[in-house]
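S.K.: Throw the hints in and build the complete structure from the sequences for me.
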Amino acid sequence: MRDDARLMRKALALAERGRGSTSPNPMVGALVVTPDGVIVGRGAHRAAGGPHAEVIALEDAGERARGATLYCTLEPCSHTGRTGPCAPLVTRAGISRAVIAMQDPNPNVDGGGLRHLRDSGIETIVGVEEAAAARQNAVFLTNIRHGRPHVTLKAAVSLDGRLGLPGARTRLTGPAADRRVHRQRAEVDAIAVGSGTILADDPLLTARGAYRDRSLARVIFDRRLRTPPTARVLSTLDAGPVIIVSSVRAAESGGAAAALTAAGARILALPGNDLDTALRALMDGGIASLVLEGGGDLHRAALDAGVVDAVHVYITPRMLGPAGVAWIGEGRIAWEGLRERRATWLGNDLLVEGVVTDVHGNH
Numbered sequence: 006m007r008d009d010a011r012l013m014r015k016a017l018a019l020a021e022r023g024r025g026s027t028s029p030n031p032m033v034g035a036l037v038v039t040p041d042g043v044i045v046g047r048g049a050h051r052a053a054g055g056p057h058a059e060v061i062a063l064e065d066a067g068e069r070a071r072g073a074t075l076y077c078t079l080e081p082c083s084h085t086g087r088t089g090p091c092a093p094l095v096t097r098a099g100i101s102r103a104v105i106a107m108q109d110p111n112p113n114v115d116g117g118g119l120r121h122l123r124d125s126g127i128e129t130i131v132g133v134e135e136a137a138a139a140r141q142n143a144v145f146l147t148n149i150r151h152g153r154p155h156v157t158l159k160a161a162v163s164l165d166g167r168l169g170l171p172g173a174r175t176r177l178t179g180p181a182a183d184r185r186v187h188r189q190r191a192e193v194d195a196i197a198v199g200s201g202t203i204l205a206d207d208p209l210l211t212a213r214g215a216y217r218d219r220s221l222a223r224v225i226f227d228r229r230l231r232t233p234p235t236a237r238v239l240s241t242l243d244a245g246p247v248i249i250v251s252s253v254r255a256a257e258s259g260g261a262a263a264a265l266t267a268a269g270a271r272i273l274a275l276p277g278n279d280l281d282t283a284l285r286a287l288m289d290g291g292i293a294s295l296v297l298e299g300g301g302d303l304h305r306a307a308l309d310a311g312v313v314d315a316v317h318v319y320i321t322p323r324m325l326g327p328a329g330v331a332w333i334g335e336g337r338i339a340w341e342g343l344r345e346r347r348a349t350w351l352g353n354d355l356l357v358e359g360v361v362t363d364v365h366g367n368h
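Just so we're aligned, residue 6 is where the sequence shown starts under the numbering used here, counting upward by one.
Simulated from the structure, these hints should not be mistaken for lab results.
We put the beta carbon where it would ideally sit given N, CA and C, even for glycine.
Worth double-checking, as some hints may not be accurate.
Just the calculated beta-carbon pair ranges, DEER-fashion [to be verified]:
#  : residue 1 : residue 2 : range
1  : 11        : 254       : 54 to 62 Å
2  : 126       : 350       : 46 to 54 Å
3  : 39        : 278       : 55 to 63 Å
4  : 10        : 345       : 17 to 25 Å
5  : 135       : 55        : 20 to 28 Å
6  : 347       : 72        : 36 to 44 Å
7  : 10        : 278       : 41 to 49 Å
8  : 277       : 341       : 30 to 38 Å
9  : 305       : 187       : 19 to 27 Å
10 : 64        : 253       : 47 to 55 Å
11 : 164       : 120       : 50 to 58 Å
12 : 349       : 120       : 35 to 43 Å
13 : 254       : 302       : 18 to 26 Å
Here are the computed lysine to any residue pairs in the SDA-like style, where the Cα-Cα straight-line distance is at most 25 Å [as the list claims (entries may be wrong)]:
#  : residue 1 : residue 2
14 : 15        : 83
15 : 15        : 132
16 : 15        : 192
17 : 15        : 347
18 : 15        : 102
19 : 15        : 45
20 : 15        : 130
21 : 15        : 139
22 : 15        : 71
23 : 15        : 94
M.R.: Encoded structure:
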């Protein structure tokens, strides 16, 4: 139908209502539309464990769902998780046609819902606005495909590519960019920094001025346990846990681990210093999305390990000169190699964004 793409875009807009609250589930939106084009049911998945978008939309439509078309941004599930399967509900509601943006790559679904719909005689079309649906659920797709959190590398740099001045906390971005940073913090599961950032800036790492209805994990990569128990982030445990990723050797030697634990930190001690392994361990702990906020050493390590999915760089008009701390070395980010590049002015600062494409062409 000519209106399939337009109606799917409406379903994608509905799905956005769950941004920042559905983790580790995907965002999903659904519409029920009668043959004469009237929307009689709307639904959006709002929280893990809550009703799925299709269920809400079908309940909203009631008997008007019979003979109607279901528009759904993700394949209806066919397995029982925290809630029951959706595909049989679609069939029982009397839907005659289903338009799906993308197949669910979750091995528990992976086409099973689509088969159920087709086997039940429902005309099923897949792929309408698929690229937009994939962008919307980039976190979920990374989790399924790579078994680790979706990682966004975020940096604020001066016009001459410096992170700050050595030995001093350097504020670069203006109010508009700061609001954007805190809005992003309100949407993700975790913020991560290296121990050098803790020692240099002593940040709070909280989401300020943006609504968030669930805890925000703060991750510190600190293989030598240099983080002091007096770090300001440890005074914000009401906002969420502070997880210090370290080595088994550091955790078992000296009293640093005990002091940090007494201050409220959780120590995640790993046998090696591999970022991919650390990220998988964090995902096992419920972290599906993570923003790497600094510093340069951690950014370089993440880029070298190939675990960065998106890049957000705030470029400020300020010059710091050769005394400033350089961000990353040459060759680690090829801007022309990023997908979906865009630049947005935020006051006097320029936000440059891009999506990293992996060796398999996924993003």
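S.K.: Indicate, hint by hint, whether the structure satisfies it.
M.R.: Against the structure, the hints come out as follows:
1. 11 x 254: 54 to 62 Å: With a Cβ separation near 58 Å, residue 11 and residue 254 satisfy 54 to 62 Å, so the hint holds.
2. 126 x 350: 46 to 54 Å: 52 Å, holds
3. 39 x 278: 55 to 63 Å: This hint holds: roughly 58 Å between Cβ atoms.
4. 10 x 345: 17 to 25 Å: Given about 19 Å between the Cβ atoms, the range holds.
5. 135 x 55: 20 to 28 Å: 25 Å, holds
6. 347 x 72: 36 to 44 Å: 42 Å, holds
7. 10 x 278: 41 to 49 Å: Between residue 10 and residue 278, where Cβ atoms are some 47 Å apart, the hint holds.
8. 277 x 341: 30 to 38 Å: About 34 Å separates the Cβ atoms of residue 277 and residue 341, which means 30 to 38 Å holds.
9. 305 x 187: 19 to 27 Å: Given range 19 to 27 Å: holds, Cβ gap about 25 Å.
10. 64 x 253: 47 to 55 Å: Distance hint for residue 64, residue 253 holds at roughly 51 Å.
11. 164 x 120: 50 to 58 Å: Cβ of residue 164 to Cβ of residue 120: about 55 Å, so the range 50 to 58 Å holds.
12. 349 x 120: 35 to 43 Å: 42 Å, holds
13. 254 x 302: 18 to 26 Å: Roughly 19 Å apart at Cβ, these two residues keep to the hinted range, so it holds.
14. 15 x 83: At roughly 24 Å apart (the allowed maximum being 25 Å), residue 83 and residue 15 satisfy the hint.
15. 15 x 132: With a Cα-Cα distance of about 15 Å, the restraint between residue 15 and residue 132 holds, given a limit of 25 Å.
16. 15 x 192: The hint holds at about 21 Å.
17. 15 x 347: 23 Å, holds
18. 15 x 102: Roughly 17 Å between the alpha carbons, so the hint for residue 15 and residue 102 holds.
19. 15 x 45: 13 Å, holds
20. 15 x 130: It holds: about 17 Å lies between the C-alpha atoms, which stays within 25 Å.
21. 15 x 139: Satisfied, since the Cα-Cα distance of roughly 15 Å is no more than 25 Å.
22. 15 x 71: The given pair, whose Cα atoms are some 21 Å apart, holds under the 25 Å limit.
23. 15 x 94: Distance ~22 Å between residue 15 and residue 94 Cα, so the pair holds.
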